[in-house]
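Those protein sequence lines, which keep their order, are chains A and B. To convert a position in the first sequence, counted from 1, into this note's numbering, add 151. To convert a position in the second sequence, counted from 1, into this note's numbering, add 151.
Please keep in mind that the hints were generated in silico from the structure rather than gathered at the bench. Since no wrong hints were added, every one of them can be taken at face value.
Since the list can't tell identical chains apart, any single copy or any two copies may satisfy a pair.
List of simulated lysine-lysine pairs, DSS-like, C-alpha gap at most 30 Å:
#1 Lys478 with Lys334
#2 Lys507 with Lys170
#3 Lys395 with Lys538
All figures in this text were calculated on a predicted structure; none of them were measured in a lab.
2 protein chains.
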Amino acid sequence: MSRPPNDVIIVRYGEIALKSRNVRDRYEKTLMSNITSMLDAMGASYDSVSRDWGRIYIHTADPAAAQAAARVFGVVSVSLAITCEPTLESVSSVAADVGQEIIGEGQSFGIRPRRTGNHDFSSREVGIACGDAVWQRIEHQGPSVDLTNPDVEIFVEVRQNHAFVYTDVVNGVGGLPLGTQGKMVALVSGGIDSPVAAWLMMKRGCEIIPVYVNNDPFSDETNRQRALECIRVLQTWAPGYSLKVYEVPGGEAQVSFLSDCQRRYTCVLCRRMMYRIAAGIMEKERAHGIITGASLGQVASQTSQNMLAETCGIHVPIYHPLIGLDKTEIVDIARNIGSYDASTRPATCCTAVPEKPATSAKCGDVCGEEAKIDVEELLRTALSGAKIVEPSEYS
Amino acid sequence: MSRPPNDVIIVRYGEIALKSRNVRDRYEKTLMSNITSMLDAMGASYDSVSRDWGRIYIHTADPAAAQAAARVFGVVSVSLAITCEPTLESVSSVAADVGQEIIGEGQSFGIRPRRTGNHDFSSREVGIACGDAVWQRIEHQGPSVDLTNPDVEIFVEVRQNHAFVYTDVVNGVGGLPLGTQGKMVALVSGGIDSPVAAWLMMKRGCEIIPVYVNNDPFSDETNRQRALECIRVLQTWAPGYSLKVYEVPGGEAQVSFLSDCQRRYTCVLCRRMMYRIAAGIMEKERAHGIITGASLGQVASQTSQNMLAETCGIHVPIYHPLIGLDKTEIVDIARNIGSYDASTRPATCCTAVPEKPATSAKCGDVCGEEAKIDVEELLRTALSGAKIVEPSEYS
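Same shape as in the complex, but just chain A (with noise of 0.2 Å):
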């Protein structure tokens, strides 16, 4: 006898469960919608999706489609299930079914009951019950129960209405709805390190307005083509949401810096006007902040000091997701979210970094510096030059 087919699968969510009532129903119409975009984005096929008492159901046989819900923000985790009725006889007579089709020869089980809303039986009878019912199925090849260590788990969710059963609870990628946190200006420049830095605020639910500051004649296409490809990474975690990509001519200021200003402060100055454009884009788009993918210490401008510096005058809120990380882990998030090979594609470093730039530098050395050019005007004729990059560049 083979057992009923998978029919739906159990959405799990965190922390929008702590959330008070009102603000809960809005979340969870947030990751519905996200999550029905996903799945239409990833060609996974369902008929509906519905919630009931913290959880989301998508009424689907499709293991594709657990798949895409993992992939949506605020997803803390996804079971492909088999629906039956909320009773004794039904849910042991269904795990039986599925423990004689995955439980090897001489191999451990253990069911794992969970009952919630008004029955006459308790968690510990369906555990006894489904265990007994399995335990007789398999009998004949010599099964052991294991409830520590099993090797195989069968998940017996009793509810109200109706009972799952189901084997595999995979991990979701956790977080918020994306669009329940305002939008922020992410600053992306193809690196291993910005789009992560992105990714990280969309995973709490923030929406992001990505800019390339395009630094031409001191970078080139492959630069410029690397962050794209970046991009459109984000926006595959995005599908219900079209980016707004903008690129802004940076190569003027770069100019500028080199002509008029010391050599070694042209990071400083180059992430001053990056910030400068960005809380114009934040402005423009009444956006909340700026997202950088600054790390202390990684590379020799990033020092605190540097950072001060950086910011000084320049008076919008700058979120550094990945401040406290090290390499490794943000190697290891890009590598987890897809963009690692983008980032890692052959592209032209630019080319106006200095051979010994300043690791100290001070807020009034650089604004110093900053006196000798036309810091306003370079950064209107920036955002004067700015434009959107159509979608079919990043998709």
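With the hints as your guide, set chain B onto chain A.
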């Protein structure tokens, strides 16, 4: 025949090796000094600490020294090892002694050879010689060689003037040596988040100046003790550095917020005052920034809109290392670093928190509320009441 005793701990570090020669030299010296402090603080016995070509060596047979070294920021991994001559005869003899001691009946083993320097043999020959020697010594117990997934690994590392044999590589905490990345003011409330945020910045090499804002009479001594207990945990990670801990009275400002400002803005106004207090101490201590435990969307008031309103007009760099992390990730770090128990001690909550805090505060509205009170005077009062907490209170 028993194997020779362990006599050295090999300490490996990661990102430091990527730095320029001068920076690397400085970082290595700091790391050695920090390791020595940790060994002393944890009561590990050792003869000396030395360095040679991208490694640091602790000359000791004490396993506690390996545990201590693994807790030092900047250390990627440690191995307790046996030193021997850099010859095939010596390493294969020691490898055989080690193999005899630790390879059980019927277990598989693999040699992991590595060689740097000039020798008249290759690393492959090291592997073959050691593998043969181990095999001959334990042939009677039916061993097998498995280079992919062996039960027991024996690492043999030949360097110019000596060689090492060891079996374990224990992960260190990573990061950069404490003291190499400037210093910052860390707001520590005693909850789960703020100590983790401070620790992550310490991990990246940043010295911290903890600041506890005491909102008495809206919080009490249990709250203060919890914060000090968290600071005590942080101090154990920085044995060579005596933390300078500030306690600043914030209660008077709360009284003003409660009596003169709209109730729902209390938390935003309170955070702004805390940032101002921290900025005052930052200036006094010539620090480079402020660290907070904010995580986007974790609680109702941590919206990106509120965070924007919390900082408008406050012009210092504010770092939120947890901004992109989930609560579960933060709790995992808290458990690993030992602050979780301290943060979850019973303590009263702040009684000034309104029932319905604003979740989308606007800069203009917040500044309008502040115009009703004398923020500058409240700040002066708070800072003039700042005192340094006696180390005996958190050690």
